[in-house]
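**Q** In case you want the letters, here they are:
There are 2 protein chains.
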Amino acid sequence: MGISGKSLENHLKIKNLYTKNIINSKIDELVKNKLVNEDRTTLTEFGRSSIRVVLAGGVFDIIHPGHIYTLNAAKALGDVLIVVVATDNTAIAMKKRQPLHTQEQRQELVNSLMMVDLCLVGQEDNIFKTVNLVKPQIIALGYDQVHQEKFIVEGCKKIGIDTQVARLQSPIPDSSSSKIKKEYGESIHGI
Amino acid sequence: MGISGKSLENHLKIKNLYTKNIINSKIDELVKNKLVNEDRTTLTEFGRSSIRVVLAGGVFDIIHPGHIYTLNAAKALGDVLIVVVATDNTAIAMKKRQPLHTQEQRQELVNSLMMVDLCLVGQEDNIFKTVNLVKPQIIALGYDQVHQEKFIVEGCKKIGIDTQVARLQSPIPDSSSSKIKKEYGESIHGI
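Same order as they appear, the protein sequences are chains C and U. If you read the first sequence in our numbering, its first letter stands for residue 1, the second for the next number, and so on. If you read the second sequence in our numbering, its first letter stands for residue 1, the second for the next number, and so on.
Hints were generated in silico from the structure; no laboratory data involved. Each hint should be verified, as a subset may be incorrect.
Since the list gives no way to pick out one identical chain from another, each pair is judged satisfied if it fits inside one copy or across any two copies.
Claimed, not checked - In the DSS-like style, the derived pairs of lysine-lysine whose C-alpha atoms are separated by at most 27 Å in a straight line are:
hint, residue 1, residue 2
1, 20, 32
2, 129, 26
3, 20, 95
4, 20, 157
5, 135, 150
6, 129, 150
7, 26, 95
8, 157, 32
9, 26, 157
10, 135, 34
11, 34, 150
12, 20, 135
13, 158, 20
14, 20, 34
15, 129, 32
16, 95, 34
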């Protein structure tokens, strides 16, 4: 929980349903059980080893129902889902075009999703810096990221991170690029 | 809370952080304070009058950062944000094209957003059936829905619903349709 620099208390204030008392007693319990350090913000080694962290990534210039399916499937593989959005430069290199929204806007977009526990902006040109920071038990690749599997597995080995790679299927095979091009050439912000 | 047919308990199970005990004691408290009925699912008249409900609507075939800004602004106007997605037929009539995703997929997409308390599929051809069901204190119109203000105000008067209409501004003036067309003609699902 220390990655974001957000306090645990803020992280738990989901939809404003938690009262300050409930949050504090929950943190008390976590500290008592040695899952969270006395700073009430960071996980202990025992706490970190008690949760399975799943890491997923992408550009996320928009979110469509296929993303929801994929991110729910990723979340189901563990306890905590961390998503890394590509920096603007990486996005340009990946997609051969400028994203419509800045990395901060794309981060906010992904952070607005219920199943995402934390969204980070990636490191420039190096996914393994983020992998090393998060140390995920599982890296979830989307249906269009399958070609990256070997690259990810070998890179993790190199930096000594023991992680599994999961491949997620596409739920919306009918939404072909040509159909989308025909339908949505005019405007995304009018949708 | 009775609109969705979901139990209050399910509605409160956000991100699995609430334990069954916390949920039940919260409902006990709400029933004791006569905000929720003895059925533990529906609001009392007093409970309903204690919350300001905001209603927003649209097609939501995809979600982009502009939607996040607008929906956060809508949520800030009250306590509960209900979003209605247009039926497939209404979406075709509004946008003059078939949406890429079914009304159920678009509902699931919007229900995945943190600031949205409940997403409903609209009634065929008649926004006022939904307005009459939800009875919102505030209807929030997006920047591209401003032309609908008079229509909404007059329709609400006709069915005797006392509601305010709020207009929300666009946060992303630089994302013009022509720019989007140029950048994203190829594919949405590749984003």
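**Q** All hints, please: hold or fail.
**A** Verification of the hints:
1. 20 <-> 32: Both: 18 Å inside a chain and 21 Å across chains, each within 27 Å.
2. 129 <-> 26: neither (32 Å within a copy, 42 Å between copies)
3. 20 <-> 95: neither (44 Å within a copy, 45 Å between copies)
4. 20 <-> 157: neither (43 Å within a copy, 41 Å between copies)
5. 135 <-> 150: Cα proximity of residue 135 and residue 150: one copy only (18 Å, versus 54 Å across).
6. 129 <-> 150: Within one copy, since 17 Å is at most 27 Å while 53 Å is not.
7. 26 <-> 95: Neither: 43 Å inside a chain and 48 Å across chains, both beyond 27 Å.
8. 157 <-> 32: neither (35 Å within a copy, 57 Å between copies)
9. 26 <-> 157: neither (37 Å within a copy, 47 Å between copies)
10. 135 <-> 34: Answer is within; shortest intra-copy Cα gap is 20 Å, inter-copy 48 Å.
11. 34 <-> 150: neither (37 Å within a copy, 59 Å between copies)
12. 20 <-> 135: For residue 20 and residue 135, the Cα distance exceeds 27 Å both inside one copy (30 Å) and across copies (31 Å).
13. 158 <-> 20: neither (44 Å within a copy, 43 Å between copies)
14. 20 <-> 34: This pair counts as both: shortest intra-copy Cα distance 21 Å, inter-copy 23 Å.
15. 129 <-> 32: neither (32 Å within a copy, 52 Å between copies)
16. 95 <-> 34: Classified as neither; 44 Å inside a copy, 55 Å across copies.
Consistency note: the structure conflicts with the earlier hints numbered 2, 3, 4, 7, 8, 9, 11, 12, 13, 15 and 16.
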